[in-house]
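A.B. asks: Letter by letter, the chains look like this.
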Amino acid sequence: MGNQYVDMGLSAPVNVTWEVTFKCNLSCIHCLSDSGKKRIGELDTDQCRKVIDELAAMKVFQFNIGGGEPFMRRDFLDLMDYAHEKGMVTCISTNGTLITEEVAKRLDKNLVYIQVSLDGATPQSNDAIRGKGSFSNVVRALEHLKKRNIEVSINTVLTRLSFPELDKMVELASEYGAKLRVSRFRPSGRGMDSWSDLNVNKNQMLEFSQWLSRHLKVSTGDSFFSVTTEERKSLGLNMCGACKLTCCISPKGEIYPCAFLQHDDFYAGRLPGNDFKTIWETSPVFESFRRLEIKSCESCHRFDLCHGGCPAIAYHTQRKLGVPDPGCLANCVKIKPPTVAAKGA
Amino acid sequence: MQFHSVYSLKNGVQVRKERFGLLFYNYAGPRLYFVPTQDLISNEFFEGNQQVKELVDQIEANHPWPRQWIEDRIGQVLQILEQKGLIYGQSVC
Numbered sequence: 001m002g003n004q005y006v007d008m009g010l011s012a013p014v015n016v017t018w019e020v021t022f023k024c025n026l027s028c029i030h031c032l033s034d035s036g037k038k039r040i041g042e043l044d045t046d047q048c049r050k051v052i053d054e055l056a057a058m059k060v061f062q063f064n065i066g067g068g069e070p071f072m073r074r075d076f077l078d079l080m081d082y083a084h085e086k087g088m089v090t091c092i093s094t095n096g097t098l099i100t101e102e103v104a105k106r107l108d109k110n111l112v113y114i115q116v117s118l119d120g121a122t123p124q125s126n127d128a129i130r131g132k133g134s135f136s137n138v139v140r141a142l143e144h145l146k147k148r149n150i151e152v153s154i155n156t157v158l159t160r161l162s163f164p165e166l167d168k169m170v171e172l173a174s175e176y177g178a179k180l181r182v183s184r185f186r187p188s189g190r191g192m193d194s195w196s197d198l199n200v201n202k203n204q205m206l207e208f209s210q211w212l213s214r215h216l217k218v219s220t221g222d223s224f225f226s227v228t229t230e231e232r233k234s235l236g237l238n239m240c241g242a243c244k245l246t247c248c249i250s251p252k253g254e255i256y257p258c259a260f261l262q263h264d265d266f267y268a269g270r271l272p273g274n275d276f277k278t279i280w281e282t283s284p285v286f287e288s289f290r291r292l293e294i295k296s297c298e299s300c301h302r303f304d305l306c307h308g309g310c311p312a313i314a315y316h317t318q319r320k321l322g323v324p325d326p327g328c329l330a331n332c333v334k335i336k337p338p339t340v341a342a343k344g345a
Numbered sequence: 001m002q003f004h005s006v007y008s009l010k011n012g013v014q015v016r017k018e019r020f021g022l023l024f025y026n027y028a029g030p031r032l033y034f035v036p037t038q039d040l041i042s043n044e045f046f047e048g049n050q051q052v053k054e055l056v057d058q059i060e061a062n063h064p065w066p067r068q069w070i071e072d073r074i075g076q077v078l079q080i081l082e083q084k085g086l087i088y089g090q091s092v093c
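Protein sequences appear in the order of chains A and B.
Taking the numbering used here, the leading residue of the first sequence gets 1, the next gets one more, and so forth.
Taking the numbering used here, the leading residue of the second sequence gets 1, the next gets one more, and so forth.
These aren't lab readings, by the way, just hints derived from the structure by calculation.
Because the structure is a prediction, the values reported are computed rather than measured.
Beta carbons: idealized from backbone N, C-alpha and C, even for Gly.
Do not rely on the hints blindly, as some may be mistaken.
Per label pair, the in silico range of CB-to-CB distance [what the hints assert, rightly or not]:
hint	chain 1	residue 1	chain 2	residue 2	range
1	B	Cys-93	A	Asp-46	46 to 54 Å
2	A	Asp-275	B	Gln-68	38 to 46 Å
3	A	Gln-124	B	Gln-90	55 to 63 Å
4	B	Gln-90	A	Lys-146	53 to 61 Å
5	A	Met-8	B	Pro-66	24 to 32 Å
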C-alpha cells in the first residue's frame, strides 16, 4: 500500500461505507449501529440516487454497503443497479436472510461482492449472537450465491464465542467457495452493552494474531492492524484509512470518518445538501483526523506495523482520540513475559 | 510499446488522477495501484482515443524533457500497467 501517496491527500475516498438503513430483521447482540426499526429521516430513493451521482462524479471507486440489513429496503436492488450503471463497485454486507434464488440471480454481475455475516461455525454459537434460525438461513443464502458463482466472503466478528471456532469457520467458508473475513468487535451500538462479555481478552488477541499469521488467505479488512505481524505486513493497509481512503454515510445521509465513529463529535456534513467534495477536502473533522498522531506509540517497535491502531476503539473505550488502541499487540506481549524472554535469548 | 497503439482499461479497472499521478482500482484485486507519474499521463489517455505517439508529442510540446526520456518513461509505465493486468493495448495501424 502506497502510504506515502495516501498521506499526500487523495482527491476522493477510494471507497465509502454507506449504511443504507437502520431497519433490520435480526437483533444481533453486538450490532454496532443498534439497528432494528427504520428511523425518521432515512434517505429516500431520490436522495440515495443523488448520493450515488455525487460520489460517482468524484470517481469514488466502491461503495461498502451496510446497515441495518440493506435488503430490507424495497428499492435496494434498484439503487445497486444505479450505482453499477455509474461504474461503481458495490460490496454488500448482509445478514443473508433475504437472499433468495431470485435475489442471487439479480446480483449475478461483475460489480458486486457479498459479505455474509456469520458469527460461529455451528447454529449454537452463531445463533447465540445473531438469533435463532439465522445460521440455517445464512447457509441457504451461501448456497444460492455459490450456484451463481458470486464472489462471497463470510464475515465473522471476533468474539469470545467465535474465537475458538475460527478453524471451523475456515473450513465452512471453503465448503461454500467463500473467503473468510474476520472483523473487529467494537464497543459501539449494542456492542457497548455486550462488550465486557464478548470481547476477546489479551491472550486471545495475541493467539488470534498468531492464527492470522498462519492463515494469510483470511482477510481482516478493517482495523486489525493493531495486531499485524511481519507475515501480514504487505497484505493491506497498516494504518487507519478514515478520512484518507474512506469515510461513512449514515442512513440519514450524515457523513462521518468511519462507520464506528457515527457520533456528534465527528459529524462532518450531510448528503444530499452539502457538497461532498468540499466536505472531503475541507471539513475540520476530516482535517483533524488526517493530522491525528498517536504520539505515545511512535517510539514503539511495532509502530511501523500498526501506526497506533484503531482510533475508534480508543475513542469508545477511553473517550478520546490520540491514545493507543487498547488491543495493541505490544501490550499483549507484555503480559506474556516467557515468550519475550525466549525470543531475546 | 507500439507508438501507434491506443491503451484501454481492462474490465473491472478504474483510474483517476491524483496529485502524485494515477490511482488504479482493480475489481479483481489487488485493489489499488499507485503510479507516481505526476502529470505525465492523464487518466483520459486510457479511454483508448489517443495513440502513444500523440501522447509523446503532447508531452514534448509542453515540457523541456528530451524526447527519448519521455518515450522511455511512457514505455516503462505502460509495460508495468500491462503486466499488472490493468490495461491492454490495441494497434490502430
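A.B. asks: Holds or violated: 46 to 54 Å for the Cβ distance of Cys-93 of chain B and Asp-46 of chain A?
C.D. replies: holds, 49 Å
A.B. asks: Given a hint of 55 to 63 Å, does the C-beta separation of Gln-124 of chain A and Gln-90 of chain B actually sit inside it?
C.D. replies: holds, 57 Å
A.B. asks: Could you check the hint for me, namely that Asp-275 of chain A and Gln-68 of chain B are 38 to 46 Å apart, CB to CB?
C.D. replies: holds, 44 Å
A.B. asks: Are Met-8 of chain A and Pro-66 of chain B spaced within 24 to 32 Å by their CB atoms?
C.D. replies: At 28 Å between Cβs, range holds.
A.B. asks: Kindly confirm whether 53 to 61 Å is satisfied by the beta carbon distance between Gln-90 of chain B and Lys-146 of chain A.
C.D. replies: violated, 36 Å
Figure legend: structure checked against the earlier numbered hints; the only hint not met is number 4.
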